[in-house]
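Numbering (numbering that gives the first Met the number 0), first residue to last: 0 to 530.
A couple of the hints might just be wrong.
What the hints assert, rightly or not - In silico lysine-lysine, DSSO-like type, Cα no more than 27 Å apart, as pairs: (1) K365 <-> K72; (2) K381 <-> K366; (3) K453 <-> K476.
Hints are computed from structural coordinates only; laboratory data are not their basis.
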Amino acid sequence: MNRLALFQQMLGNMAAMAGKPLLYGADNRPLTPSAEYGIRRLAAKRTGSMKNWIPERLLSRDQEAFDRQEIVKRCIDLSQNDPNAAGVVDSFAATVIGAGLNPHPSLDWKLLDIDKDHAREIQRAQRFAYDEWSPWADAGERMNFGQIQYQTKNHMIRFGEYFVLCLMLDDPARPFSLALLVINPLRVKTPVDLVSDGRIRDGVELGAYGQPEAFWVKKSMPGMLMTPDTSANFMRIPARIGHRWNMIHRFVVKDPDAVRGFPALTPAVKLLRDFNDLLDAELVSNVVTAALTYFIEDHTGDPWDLADSFRTDSETTTTTDGKVKKTHYEETWPGRILYGNPSEKPHLLSANRPGVTFEPFTKVMKKMVSMAVGIPYPVLFKDVEGVNFAGFRAAMLDAWRVYTMERQWHADGLCSPVWRMLQEEACLRRRFMAPGFYRQLHHYTRALWRGTPKGDIEPVKAAQADILLNKNNLKTKSVITYEHGGGDFESNIDTLDEEREMEEERGLVPAADAKPPAVEKPQGGQTNADQ
Numbered sequence: 000m001n002r003l004a005l006f007q008q009m010l011g012n013m014a015a016m017a018g019k020p021l022l023y024g025a026d027n028r029p030l031t032p033s034a035e036y037g038i039r040r041l042a043a044k045r046t047g048s049m050k051n052w053i054p055e056r057l058l059s060r061d062q063e064a065f066d067r068q069e070i071v072k073r074c075i076d077l078s079q080n081d082p083n084a085a086g087v088v089d090s091f092a093a094t095v096i097g098a099g100l101n102p103h104p105s106l107d108w109k110l111l112d113i114d115k116d117h118a119r120e121i122q123r124a125q126r127f128a129y130d131e132w133s134p135w136a137d138a139g140e141r142m143n144f145g146q147i148q149y150q151t152k153n154h155m156i157r158f159g160e161y162f163v164l165c166l167m168l169d170d171p172a173r174p175f176s177l178a179l180l181v182i183n184p185l186r187v188k189t190p191v192d193l194v195s196d197g198r199i200r201d202g203v204e205l206g207a208y209g210q211p212e213a214f215w216v217k218k219s220m221p222g223m224l225m226t227p228d229t230s231a232n233f234m235r236i237p238a239r240i241g242h243r244w245n246m247i248h249r250f251v252v253k254d255p256d257a258v259r260g261f262p263a264l265t266p267a268v269k270l271l272r273d274f275n276d277l278l279d280a281e282l283v284s285n286v287v288t289a290a291l292t293y294f295i296e297d298h299t300g301d302p303w304d305l306a307d308s309f310r311t312d313s314e315t316t317t318t319t320d321g322k323v324k325k326t327h328y329e330e331t332w333p334g335r336i337l338y339g340n341p342s343e344k345p346h347l348l349s350a351n352r353p354g355v356t357f358e359p360f361t362k363v364m365k366k367m368v369s370m371a372v373g374i375p376y377p378v379l380f381k382d383v384e385g386v387n388f389a390g391f392r393a394a395m396l397d398a399w400r401v402y403t404m405e406r407q408w409h410a411d412g413l414c415s416p417v418w419r420m421l422q423e424e425a426c427l428r429r430r431f432m433a434p435g436f437y438r439q440l441h442h443y444t445r446a447l448w449r450g451t452p453k454g455d456i457e458p459v460k461a462a463q464a465d466i467l468l469n470k471n472n473l474k475t476k477s478v479i480t481y482e483h484g485g486g487d488f489e490s491n492i493d494t495l496d497e498e499r500e501m502e503e504e505r506g507l508v509p510a511a512d513a514k515p516p517a518v519e520k521p522q523g524g525q526t527n528a529d530q
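Turn these sequences into a full structure, and let the hints guide you.
Quick look at the structure:
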């Protein structure tokens with residue numbers, strides 16, 4: 000039987016079975032999903048310890064905005080007054096951004112249909128334009144672009160988002176008109192008289208697909224601390240003007256319906272607050288214990304005579320029965336020594352605080368905070384006590400997985416749009432010639448952003464690994480240069496060439512070209528190495 004006949008027979012069998020039950024019963028769908036074999040999940044029970052666990056859902060978008068503002072205020076208070084929270088914020092921003100991510104133009108000259116030398120000229124002109132503009136990046140003339148990056152990353156941890164207004168200033172002192180102004184996220188909110196407008200959510204005016212079309216930013220009134228939250232006191236700032244960003248708003252989108260971000264410390268807010276109260280109570284307790292009054296009682300004689308032998312002060316009090324009672328004491332800092340009367344017995348406080356479980360307990364609390372942030376405890380709190388080499392190396396690798404992700408998001412969210420607008424202005428100012436610039440805008444403004452290298456616990460082994468990967472064509476020297484914070488590979492080659500020429504002019508032989516010293520042969524024809 001050929002294949003066609005076999006296929007026709009199969010179709011006939013299927014037609015004959017149509018309308019008949021496959022297994023048992025009259026139901027034609029016996030294999031549809033059934034709930035008969037499901038097991039109830041304990042997570043949904045409302046008995047025992049789960050009885051009062053009823054999560055509260057938001058009733059309106061206004062409630063969501065109110066909750067977010069309260070969380071942001073508490074996170075700001077923690078980052079300004081709690082040493083652990085302040086250390087977490089600054090450590091995270093300093094590691095991810097440091098002095099700032101630096102651009103490395105990466106033009107594909109074949110895709111742009113230009114020659115290689117022209118592409119290198121454009122890249123060199125783009126780097127010069129950035130170096131010239133960076134000190135003037137801030138519209139307030141207080142920060143360079145690296146410091147703006149640090150502040151926006153700081154806002155991302157404390158506020159959960161950042162807003163950067165992109166301006167074009169007509170100032171002849173500036174090399175470029177592009178300037179940035181970082182906006183406090185608390186200034187972006189919905190005016191009270193526009194709450195019923197369904198297009199505005201938490202200060203963000205949305206389009207048909209949820210894209211931001213405009214932002215409502217409260218004005219600052221000179222001479223006035225607070226003004227009503229009515230639309231008359233707000234500015235409506237469009238998100239874009241043509242193809243250029245007008246306001247850059249970035250946050251980590253964890254909810255598909257979210258329009259604003261939440262701070263990274265949100266899951267640990269209550270924990271950090273309680274932990275701070277615990278440390279404060281223990282500190283006060285130890286201060287009180289250290290400032291105890293020591294009581295000396297003399298049963299053999301007059302304690303006042305003993306007190307008079309020292310340089311002391313005294314207090315005179317009158318009892319209820321009219322008797323005069325004198326108390327002698329000797330001041331010390333921070334406590335004092337009290338010379339009591341016969342039959343007076345002191346009751347001193349115990350000074351055994353904090354207990355032996357205090358330090359392990361605080362360490363567990365810090366580990367919970369580190370889990371909320373996503374950074375291993377030894378790295379986040381810089382505590383390497385009791386951590387071996389393998390454990391710390393694993394913690395560093397896990398931390399840098401997060402840091403690398405944060406760098407990439409920061410580069411895509413802030414650095415690349417700003418770089419694109421800067422190079423557009425540089426091209427219009429004839430800093431470089433780029434045929435078909437607007438037709439291939441993204442290709443002409445392609446750049447890689449690199450930050451401070453992570454460092455290595457064993458730098459010699461890391462360098463040897465890079466050399467081995469380069470020899471086997473698995474890693475380029477440009478990437479190795481970027482990772483080790485050595486600047487641009489092309490610039491390094493030019494600098495090395497200039498250094499070699501200077502050494503040759505002054506009669507110095509470069510170490511790479513120096514010949515090894517000749518090996519002297521002793522009598523008998525054997526070398527020193529053979530001996």
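Hints, verified against the model:
1. For the hint pairing K365 with K72, the CA-to-CA distance comes to about 22 Å; that is within 27 Å, so the pair holds.
2. Only pairs whose Cα atoms come within 27 Å are accepted, and K381 paired with K366 is accepted, the gap being roughly 12 Å.
3. With a C-alpha separation of about 18 Å, the suggested pairing of K453 with K476 holds against the 27 Å cut-off.
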